[in-house]
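Sequence lines, in order, name chains H and W. Take 1 as the starting number for the first sequence in this note's numbering and just add one per residue. Take 1 as the starting number for the second sequence in this note's numbering and just add one per residue.
Calculated from the structure, these hints are not laboratory results. Each hint should be verified, as a subset may be incorrect.
Taking lysine-lysine pairs in the DSSO-like style, the calculated list, with each CA pair at most 30 Å apart, reads [unchecked claim]: (1) W:Lys337 to H:Lys6; (2) W:Lys517 to H:Lys80; (3) H:Lys80 to W:Lys492; (4) W:Lys492 to H:Lys81; (5) W:Lys312 to H:Lys25; (6) W:Lys490 to H:Lys81; (7) H:Lys8 to W:Lys330.
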Amino acid sequence: MTIEEKAKKCGELLAISLLDEEIKKIILEGIGNFTEGDLDRLMFSLEQEDEHLGLTASQLTNFDKEQDKGWDQLVVAQKKKADEIVSDFSRQIEKNVQDKIREEIK
Amino acid sequence: MINTLFLFKDTRIYTLVLFDNTQYYLNINRSKLCYMSKEISAEENKPSTIKVPVDVDPEATKPLIEALNEFQKKDPAIGKQALESVIAAHGEAPTEATSKSTKISFEEDKQIMADRGYKYKGPGIGFMKEQIKKPNEVATEIVVPQEVQSGSSVESTKSQETLAQLSVTQHNLLLMEQSAAFYSLHYGKDDPIARDFATARQELEDKMREELFQDWAKQSGYTGSPKKAEYPEADKTNADNEEKLSEAVSQAPYTEEDLQKLLEQSKKPENVDEQEAVRQLEETFQPLIIQTNESGDNIVILNASEATARHKEKPSLPKEAQDILRDAHKQEEDSLKEEQDSESRAPKTPEQNRADELRKEIARLAEIGGASPEAVSSDIVRIQIELEKLEKGRRKKHRGWGSIKERVKGLATVGFWEVHQAERLRSSTKEVAKDVGARTEEIQKTTTLNLADALAEAEKIQFALEAAGKKKDKEKTAEDIERLSTIITKDKMEQNNRVIDETLKQAESELLRRLEKYRNEFGERIVTNDEAIAQAMNNLRVELQQLQDGQRETDVHEIQTVLRNIDPKYWRRYVYGGVEAAVWAAGGYLAWTKLATEKAIATGVKVIQPTLPGDINMHNTIWQSAKELLVNHGVVNPTDQEVLQLSNGFADINGIGVKEWSMFGNPMDTIMKQGYLLKVPKVILKTVLSARGL
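Chain W extracted, bound-state conformation (with noise of 0.2 Å):
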């Protein structure tokens, strides 16, 4: 059935929901509308297969009129209406009157015609005629010749039916490739939606050329292949009315300027009540009600208060379901509550006990290991193993709600930085970490954790990046994404870095031993002196951390999958739709969007205020990143001194020689590689800051 119908601040798409597994992606540019279904797999929840290519098929439309005459039983009043405007977008069918022409030439068609005002525009897209635009009157009008008009062969009035269909394929051509370019530039051009767009354009394209063809061959008595080279005119249409149908556009990736060019090119004059219900949407995301007019040929857009009174007008939820909602709300709510509580109150069982020891020895372990705490690193990782098995069987018996899910809660309405610091909160694993120190408190975050932190910090990236007005993934720079990749491999670098210098230590120390049992045998045959050992090792450093980068790429990938999931402009615009509408019917709706703004820019506030950064990545060289980050800590023309001070505590903390200051370390400095994980010396960043009163 009809779930509901909204459209869309930017993209103008609307998505009517008929059945519970079935989606319809409807694009009206305000006037006109087409539309694709796609069936949502139960199991996967994802968008899997176009049920309805295109709305000039027929039998293609037949499932979405099936289900709208299956509405229309239970709601007559939209389902009327809903099903009015599917039709007026699928076009009628051509008047069946055309047999009782008399035979005249093309060429006098087209004079005939001309002098009624209209134009040929070629196959495609038949007679038009410019008009004077007016109000609610749409720019141009197409005109299928009638027999007494044109009074045309059977053939050629066969003909025109074809072209003025084909001309209605052509603008809904538009309407997916908009609808394609759309979800290609938000979604990236390898979204499913994007592809089944593109995909059924292509084909609906096909099925246009084809249709031409036939038609040409039928006039022309033509035998020969349907290929498109073998039928001219059709490519000349195209050539000839570019703004009618963009080759060039159709050609993904899309950029902004593709789309504007696109839904420029449909856009029809408004009327001064559409003009004001689309800005009242705009402003407000505010869900309208979409209706065909009387004449059932267009949009009509309600604004606020129409909505309002239609309304009113229909019935009320009987006050028994109203009673049910609210009681099976509290009995689920107090059951939640009470499985809660006994949780906290309940005895703790062997494994949680075991766990509890675990988390000692953890402690424990890091006190022992203090300023060293690669020592006992090993020993943590085991026992935490162990810790993470111990807690998983426990989360397994928590109804639906798995700690993943706990990770995610609120992503719509409250934003996932909150939930992180709920889960920070939460964590047992986080709460001896805090106990042991900062630097025991690395190695002690499980995967999970880390995510957490990722996915939070990339969401912070997310509206610090549309707080800047960026909002496409291509206007991400290479610097946004490196942080990303940082921050999601921040603990797993670290361990690897680690694995990294115990590598080369024991390569080194194969070397050398291999080197000895040469000296051993072959005496002073053997030239290869020191040098040559520290140059392989380097080379081998450089290659280690080429794998290094390798798997750093294969992360960011992954998680800007997971990351496009939790969007939380696709959920409000595709989960809680329907909640929005809900709230607005309960007339809270200013509430709801007033609350949203206000997490919004809560959230936006926390992630734009200078915070010292715990890592960066080197720009150059230590003495560049050093000058860059006190620039962009608001120190105007940083002085000599003062990047000294600040890269010193760089080569400091991070253990890098620099031979100029006979600082000794491993790397040295002039062999760092570009975009090199720096720890900021947060102490002297300070100290900098605060001595030019920042």
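So that you can see chain H by itself, here it is in the shape it has in the complex (with noise of 0.2 Å):
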């Protein structure tokens, strides 16, 4: 990549990127101090941002979604939970009747 390549990547990078406006000025107006370096550390450093931020962006949308998710199953589990209750409760009755009748019978 050429310096004129590097340098037009920069100011790409750093018009969208998410540092403080104050910050970005500073750079800007200073840029007449800059060796070759400084663009390569500056260029890095903006690549990395973007790439960083796609990487938090989709773990946060995979957050979302495995939360709605885990809290779905959640639903289906309890539901599920309480029907087994329901069962055992009824199961009880019904031996306790039998237990009854056998009692009776004898």
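Please dock the two separately framed chains into a single complex, following the hints provided.
Now the structure itself:
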């Protein structure tokens, strides 16, 4: 990548960067003191920022989805648990009845 | 190419970025350097593989040295220095003049060395000489016996060469362990970098053991299996030299003491300049330029003025390139503004119109719901799902920056709280919520906003913890975690609590129905009474809440992973390091630090300002929770009357039944679970606080 290409990319990335406007201003006003190494460092950081944001965004989206999914599944599990307890309760009543009947028969 | 080389404040770990997708982690410990590299996956942009495990193997150092050579072509001055520093750290190969020796015994060899002031420290260390500590000098010196000095046999000398190499290896093991300990402490033992350092350390240790064994086997004629147990000297060395390499501290997870112990182990005396440079660095975060000294065997940390002076010696960016950068920035900025303007001016699409209708419908339903929003909640949720789909579709048209990216805007320089505030203003859903009142607002929150709230809260917790001097995960109390959990799952819990209530109602109804059926069929044989049903319902409630707790735990675990990624410190170090250096070069470093500090303080202040909490978790009883809440808000020795007043408020607002106070409600206070989420009766709390003049 030539120095001109790097400068162009840096300028574009800086515009869309989430950096504070004050920071951007300092960079743009002080660019006369830059070496090519400074340009490389800046470009690397701005690229990293973009990539890291992408990663964070995907993780947040994933968290949203997983959280929704998890709580939906929780409702299903809770309903199932309620059914189980109702069934257990019914079975206990039936067992008590059967025991009573057996006693009566005796 | 080399992008940057930084020394981080509390770790003294350098990051040398050589290629676009490769980062080299260096640990110099002020004098000695070892490194690892990680290839950053272009797709995921996260560390994936270790490319160079450690610096003792010439083959392993090859990629780094090649990279440095490559860089040297572009920037000969820095390239040469960087290359020298790596070679110096890597350690020169032992001298070859070992074959002219005269055979003497090892005991004679030791005696000769003892006469010279050197003491044999055992396999893996070699001979060491204690020296008077002077500035600019290291405390100990490792000597590889030369044939003219020792007169040992070829085998013996070779063995000593191996031992000298192993000494270097042991030092590197220590550095690797320090790095593993640091990352483990700060980012958890499962952190990929911590794991990689630990793995690389283990691999190096295995390799060292293998070399030790081969050397020993050659000397002793041993032909058995190279197992650790069969090479007692290696173990003995470790046992005898705990200060060199501690087995105990290699056990994960690390503690702060382990790390300090590890750091102390390799600490060397520093000269005044080094101390000053490190002090400056630690105080200011200022990026310092790291270079080798004239003899090529040490690291020089330049102070700010020296670094500035050297920076000025380098050619500035050509004027043309400067103009290109400014133009590209202006063009992109204009383009973004234009896009935003056109969006606001453009006539609404059918989807946008539909979204507006849906928002109005939500507001209408919320008004109808009034005091009992549950009655319309299902309709609102259904409409919200449709609304969310429409909004998602629209967001896709945005260039590059999705709505979620906006949520993390300003993480490093501003903090999440401000972002959250901006998001609150921006969100149209939230605007609707504001219109229809606080109770329906809860229902109308989308999951996205819930998460934004959660993250903002997490950020506040983080700052609060740091303000209190707590910096590590392990120091976060169970209460902190519970608070985080509550925030993240607040709305989900509220929804699920409604599900629980409904489920209990249905289950109870079903039980009563079945009971009635049995009674019709079996008459007096049915002895089950209402109390048994109530007990079954209580059991069911406990079970359902336990299931809910499990989901909350899952959420906390997941969000902690995400939070680690938005750790502002991480961003500052690993993402914005280059920007920091660029700002420094631009002459605005003071402005940068001032800005960052101000914003951090501003955020911190917001955190520690006392605010009335929305919810708290019950601690033992309502009474105790009320009392603690008052104490936390500055009420010294709250009276029984004050606690009672607030406790009544808690019971009332949360619909809790308290037999002693003849208050009816569900649940009864006697069966409430520890940690039960309680809404805080803010009005009563304010009243009590006001009466106290707080």
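Hint check results:
Among the hinted pairs, W:Lys337 with H:Lys6 is consistent with the structure: their alpha-carbon atoms are about 23 Å apart, no more than 30 Å. Taken as a hint, the W:Lys517 and H:Lys80 pair is honoured in the structure, with Cα atoms around 22 Å apart against an allowance of 30 Å. A threshold of 30 Å between alpha carbons decides the hint, and for H:Lys80 with W:Lys492 the separation of about 19 Å falls inside it, so the pair holds. Restraint check: the Cα-Cα separation between W:Lys492 and H:Lys81 comes to about 19 Å, which is no more than 30 Å; the hinted pair holds.
A hinted pair counts as satisfied when its Cα atoms are at most 30 Å apart, and W:Lys312 with H:Lys25 qualifies at roughly 21 Å. The hinted pair formed by W:Lys490 and H:Lys81 meets the criterion: a straight-line CA distance of about 23 Å does not exceed 30 Å. Taken as a hint, the H:Lys8 and W:Lys330 pair is honoured in the structure, with Cα atoms around 11 Å apart against an allowance of 30 Å.
Violated hints for the displayed structure: none, as all numbered hints are satisfied.
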